[in-house]
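A.B. asks: If you read the sequence shown in this note's numbering, its first letter stands for residue -17, the second for the next number, and so on.
Please note: incorrect hints may appear among the correct ones.
Simulated crosslink set (DSS-like; lysine-lysine; CA at most 27 Å straight-line) [to be verified]:
1. 84 / 38
2. 16 / 38
3. 16 / -11
Label-pair distances were calculated between CB atoms; the ranges are [claimed, not checked]:
4. 2 / 73: 36 to 46 Å
5. 30 / -12: 10 to 20 Å
6. 78 / 40: 42 to 52 Å
7. 95 / 51: 39 to 49 Å
8. 16 / 51: 35 to 45 Å
9. 101 / 68: 31 to 41 Å
10. 33 / 7: 18 to 28 Å
11. 15 / 68: 34 to 44 Å
Calculated directly from the structure, the hints in this document are not laboratory data. Note that beta-carbon positions come from the ideal geometry of N, C-alpha and C, so glycine has one too.
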Amino acid sequence: MKKLTKKEEVIMNHFWEQGPLFVRELRELYPDPKPHFSTLSTQVRMLEEEGFVDHKAYGPTYQYFAKVTHEEYKQRSLMGIIDKYFNNSYMSAVSALVKEEKITLAQLKELIELIEKGEQK
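Let the hints inform the model, and build the full structure from the sequences given.
C.D. replies: If you want it as C-alpha cells, here you go:
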C-alpha cells in the first residue's frame, strides 16, 4: 500500500471521521479558501484507483467511502517503515526508540508486562 500524500491524508481523515460523503459534502468540510470541486473530485477518484476509497452510485452522482480503515492504514504504514528503515527488524526499531530516548526502559518494561498479561488470558 502506498503512502498517502498530505492532501490525500486530509481527504482520508474526513472519510474516516465522517463516513460516506459526496464530493460536495467533502468540500464543505474544508476551511476557506475551499479546494475547487473538480480538483477534489479528481483526488478522490485517484484514491479510488489506488484502493483507498470506493463509491456507491446515486444516479449520476457518487457517494464515496473509505475502503481502508484508519487502523489498517496506520498498521501498514508502520510495517512499511520498519521494513524500509530497519531491515524488517522490529527489534531494531524498538532499540532505536530506546537509544533516541523516545521510550524509556521503564516504559518498555511496562509494555512487556502488558503483553505478558495479555498472553495469559
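A.B. asks: Indicate, hint by hint, whether the structure satisfies it.
C.D. replies: Structure-based check of each hint:
1. The straight-line distance between the Cα atoms of residue 84 and residue 38 is roughly 43 Å, outside the 27 Å bound, and the hint therefore fails.
2. Between the alpha carbons of residue 16 and residue 38 the distance comes to roughly 24 Å, so the proposed pair stays at or under 27 Å and holds.
3. Between the alpha carbons of residue 16 and residue -11 the distance comes to roughly 13 Å, so the proposed pair stays at or under 27 Å and holds.
4. Taking the beta carbon of each, residue 2 and residue 73 are about 41 Å apart, inside 36 to 46 Å as hinted.
5. Taking the beta carbon of each, residue 30 and residue -12 are about 19 Å apart, inside 10 to 20 Å as hinted.
6. The beta-carbon spacing between residue 78 and residue 40, approximately 49 Å, falls within the hinted interval of 42 to 52 Å.
7. Judged by the Cβ atoms, the range 39 to 49 Å given for residue 95 and residue 51 is violated: they are separated by roughly 29 Å.
8. Range check, residue 16 to residue 51: about 27 Å between beta-carbon atoms, so the 35 to 45 Å window is missed.
9. The given range of 31 to 41 Å is broken by residue 101 and residue 68, whose C-beta atoms sit roughly 24 Å from each other.
10. The supplied range of 18 to 28 Å is met by residue 33 and residue 7, whose beta-carbon atoms lie about 22 Å from each other.
11. Taken as a hint, the range 34 to 44 Å holds for the pair residue 15 and residue 68, whose Cβ atoms sit roughly 41 Å apart.
Hint compliance for this structure: hints 1, 7, 8 and 9 are not met, and every other hint is.
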